[in-house]
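Asker: This is what each chain is made of:
2 protein chains.
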Amino acid sequence: MIPFNKPYISGNELKYIEDVISSRELAGDGKYTKKCEEFFEQRFGFKKAILTTSCTDALEMAVLLMDIQPGDEVIIPSFTYVSTANVFAMHGARIVFADCKSHFPILDEESIEELITSKTKAIVPVHYSGVSCNMERIMEIALRHNIFVLEDAAMAINCHFKSSKNEVHNLGGIGHFSAFSFHDTKNVSSGEGGLLVINDDRFIERAQTIRDKGTNKKSFLNGESDKYEWVDLGSSFSPNEITAAFLYAQLEALDVIQEKRMEIWNEYQFQFNDIQYLGFELPLIPSYSESNGHVFFIICDNKNRREKLIQFMRKNGVKLSFHYNSLHKTKYYLKENKLENIPNSEKFSDCLVRFPIYPELKKEDVRYIVSIVREFFSN
Amino acid sequence: MIPFNKPYISGNELKYIEDVISSRELAGDGKYTKKCEEFFEQRFGFKKAILTTSCTDALEMAVLLMDIQPGDEVIIPSFTYVSTANVFAMHGARIVFADCKSHFPILDEESIEELITSKTKAIVPVHYSGVSCNMERIMEIALRHNIFVLEDAAMAINCHFKSSKNEVHNLGGIGHFSAFSFHDTKNVSSGEGGLLVINDDRFIERAQTIRDKGTNKKSFLNGESDKYEWVDLGSSFSPNEITAAFLYAQLEALDVIQEKRMEIWNEYQFQFNDIQYLGFELPLIPSYSESNGHVFFIICDNKNRREKLIQFMRKNGVKLSFHYNSLHKTKYYLKENKLENIPNSEKFSDCLVRFPIYPELKKEDVRYIVSIVREFFSN
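Taken in sequence, the protein lines are chains A and B. Everything in the first sequence is counted per this note's numbering, starting at 220 for the first residue and increasing by one. Everything in the second sequence is counted per this note's numbering, starting at 220 for the first residue and increasing by one.
Hints in this document: simulated from the structure, not taken from any laboratory. Warning: the hint list may mix true and false statements.
Heads up, the list lumps identical chains together, so a pair's fine if it works in one copy or across two of them.
[Said to hold, decoys possible] Below, a list of computed lysine to aspartate or glutamate pairs in the EDC-like style, where the Cα atoms sit at most 16 Å apart: (1) Lys550 <-> Asp445; (2) Lys338 <-> Glu244; (3) Lys582 <-> Glu329; (4) Lys266 <-> Glu559; (5) Lys338 <-> Glu565; (6) Lys436 <-> Glu478; (7) Lys340 <-> Asp286; (8) Lys340 <-> Asp493; (9) Lys436 <-> Asp420; (10) Lys340 <-> Glu478; (11) Lys548 <-> Asp445; (12) Lys234 <-> Glu471; (13) Lys554 <-> Asp451.
Just so it is clear, the structure is predicted and the values come from calculations on it, not from any experiment.
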């Protein structure tokens with residue numbers, strides 16, 4: 220059986236964890252946390268990187284920093300993971316769902332403006348599979364309307380956006396905030412884990428307070444405050460140092476991971492190009508972006524065909540996966556909202572199917588997988 | 220220098236983490252998470268134990284389960300860590316501060332009833348240093364007024380409450396909910412980490428949903444739901460398996476840890492009894508409880524004396540610590556509330572001082588430490 224996912228191990232994880240254990244400095248925000256945060260700040264030019272226990276928690280920190288209140292509105296794509304919406308719903312915000320593009324499941328930037336009202340507080344472009352939303356247009360709209368941009372970069376490590384002036388910007392470094400995930404399935408992982416990026420100076424100091432459970436711990440330890448006390452809202456967002464040590468071993472191997480994943484991704488692309496006439500759609504990546512080898516997917520012509528493909532592949536020893544149920548059609552959202560028609564999002568929910576991709580997968584595995592797909596579509 | 224704290228290492232931490240790494244099952248809610256949860260359910264008879272990334276997160280889950288809304292009131296002691304209050308403040312609740320007993324910094328059960336209004340939704344007894352609040356009286360009051368009880372058992376692993384009928388109840392297993400901490404400083408630690416306990420059947424199913432980011436993941440995987448979707452509020456509360464593996468190695472050593480800590484604690488108690496006439500107060504533990512060796516503290520007669528003691532001890536190579544700033548006197552609370560007088564809480568904030576206590580500390584260290592304290596108070 221070829222599994223859908225197999226997390227990468229660089230080989231240094233245990234060594235760094237051993238180092239943490241011998242130091243007995245196990246709590247959060249220690250040596251390895253700083254190493255991870257500096258890695259992102261230096262390599263991608265992010266203003267401030269803050270390690271969190273999950274991408275959901277990073278999004279939550281951004282929601283607190285934006286001071287989202289009941290009645291505020293936020294525009295997010297319906298085709299995304301539950302957490303993108305739930306962090307806002309937790310604070311009583313009204314979720315306004317946008318559609319994605321017809322040929323790729325990223326926010327359709329031309330659908331945003333008509334959704335903006337005087338209550339709109341934030342737009343959340345989700346860089347699905349590491350492919351960039353049109354950040355130039357989105358930032359232009361957001362700044363004109365005085366709205367925050369929170370990049371959901373859960374899948375978008377090591378990705379970029381190329382502007383109309385051919386300037387290359389790292390994803391996660393463009394919006395006011397961005398959030399990355401190090402969940403099990405991601406290119407770089409600590410099982411569970413996340414990162415908040417802050418690109419707007421105004422929010423850096425408060426972010427530290429919110430991360431420190433709403434206390435002035437940092438300024439107290441620096442000697443800038445005379446007592447350690449409750450100063451703000453906040454929660455416990457720091458992972459322990461064991462998690463940070465594990466993650467750091469992965470970050471050091473980022474180039475190796477990316478090279479291997481792109482080899483697999485390119486092989487899929489090459490093999491699938493050959494059989495595209497058989498009746499499915501290959502995603503079209505906009506010219507301002509590129510894949511980071513996180514996801515390889517195709518789009519079947521209907522839900523039933525996708526289900527049959529998944530079953531056929533499983534019978535032939537290959538595990539596929541799919542997601543997301545469009546959020547505007549979920550039980551929770553429909554409790555208090557009426558059913559809308561968000562067609563591209565619904566198409567991807569019904570028809571997108573993901574193929575195994577991870578560094579240990581071999582090119583011959585890819586060729587085998589695609590040969591089975593060919594067999595399926597040929598019958 | 221004798222440090223204030225030194226986390227215990229059982230010796231199996233790395234072995235179990237190695238096991239997780241070779242299994243490649245790194246995400247949350249896996250084998251070791253279940254082992255940890257079962258440990259608490261079996262050893263302490265808790266109905267349902269759910270591992271979280273922190274005690275703060277466990278408290279947050281309880282707040283979601285209790286459906287705390289803006290305007291709801293919650294009674295908590297002012298002498299507690301910021302998170303006890305902040306998880307409620309995050310949901311717009313009004314925090315009503317109660318005082319603690321005069322001889323021990325646990326909630327004064329006789330002060331509760333006059334604070335209850337028609338809006339009171341929850342009482343949070345904090346078992347400071349593992350010493351139980353009067354849970355018999357608190358549960359009686361709460362049930363009569365139809366109010367939830369959330370035990371803040373952050374420090375209270377392996378503790379109990381003895382009722383007036385001589386029945387022994389494990390702390391954390393009495394209220395509707397309870398929250399434990401595995402922070403760095405705790406008896407059993409994973410650097411950062413926590414546990415939510417649910418003792419009321421009505422909340423178990425929803426807790427799983429909330430922990431799974433507000434999705435029906437569990438019932439989907441069980442085949443009980445036909446699609447994986449957004450069904451409720453929720454967040455990412457699960458720690459990764461590396462953290463759970465580390466914690467499990469500690470839990471297996473619980474009896475060893477407790478024995479060593481109690482030896483140290485008893486030695487402090489014995490040595491300090493001898494010099495109590497010199498002008499400080501030893502805490503008086505109520506007869507329905509016992510220490511779990513988590514904290515040893517004395518109470519100075521004023522803040523200035525405490526500060527001088529800390530400095531004197533440091534000069535002699537011993538690190539002491541103190542906490543908490545009473546929450547009713549903090550910057551955040553005073554922004555929207557006027558200053559109240561909560562005298563016992565303020566006394567402990569000003570005068571309580573904690574001594575080093577951890578399994579590696581030796582009895583002769585304790586004797587040395589107390590000899591320096593004697594020297595300080597003799598001058």
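Asker: Should Lys436 paired with Asp420 be assigned to within, between, both, or neither, using CA atoms and 16 Å as the limit?
Answerer: Close neither inside one copy (20 Å) nor across copies (38 Å); limit 16 Å.
Asker: Between copies, within a copy, both or neither: which fits Lys340 and Asp286 at Cα up to 16 Å?
Answerer: Within. Shortest intra-copy distance 9 Å satisfies the 16 Å Cα cut-off; inter-copy 25 Å does not.
Asker: Is it within, between, both or neither when you check Lys548 against Asp445 at 16 Å Cα-Cα?
Answerer: between (52 Å within a copy, 14 Å between copies)
Asker: One pair to classify: Lys340 and Glu478, alpha carbons no more than 16 Å apart. Within, between, both, or neither?
Answerer: Neither way: Lys340 and Glu478 sit 38 Å apart in one copy and 55 Å across, limit 16 Å.
Asker: For the identical chains here, do Lys338 and Glu565 meet the 16 Å Cα criterion within one copy, between copies, both, or neither?
Answerer: Neither way: Lys338 and Glu565 sit 27 Å apart in one copy and 43 Å across, limit 16 Å.
Asker: At most 16 Å between CA atoms: does that hold for Lys550 and Asp445 within a copy, between copies, both, or neither?
Answerer: between (50 Å within a copy, 12 Å between copies)
Asker: Is it within, between, both or neither when you check Lys554 against Asp451 at 16 Å Cα-Cα?
Answerer: Answer is between: at 10 Å across copies they meet the 16 Å cutoff, but 33 Å inside does not.
Asker: Measure nothing new, just compare the shortest in-copy and cross-copy C-alpha distances for Lys436 and Glu478 to 16 Å and report within, between, both or neither.
Answerer: So Lys436 and Glu478 fail the 16 Å test inside a copy (41 Å) and across (33 Å) alike.
Asker: Under a CA distance limit of 16 Å, which applies to Lys266 and Glu559: within one copy, between copies, both, or neither?
Answerer: neither (38 Å within a copy, 41 Å between copies)
Asker: 16 Å Cα cut-off: does Lys234 pair with Glu471 within a copy, between copies, both or neither?
Answerer: Within one copy only: 13 Å inside, 23 Å across.
Asker: As a check of your reading, is Lys340 near Asp493 (CA-CA no more than 16 Å) within one copy, between copies, both or neither?
Answerer: Neither, since 45 Å and 64 Å both go past 16 Å.
Asker: Regarding Lys338 and Glu244, is the shortest C-alpha distance of 16 Å or less found within a copy, between copies, in both, or in neither?
Answerer: This pair counts as neither: shortest intra-copy Cα distance 45 Å, inter-copy 43 Å.
The structure does not agree with the numbered hints 2, 3, 4, 5, 6, 8, 9 and 10 stated previously, though it agrees with the rest.
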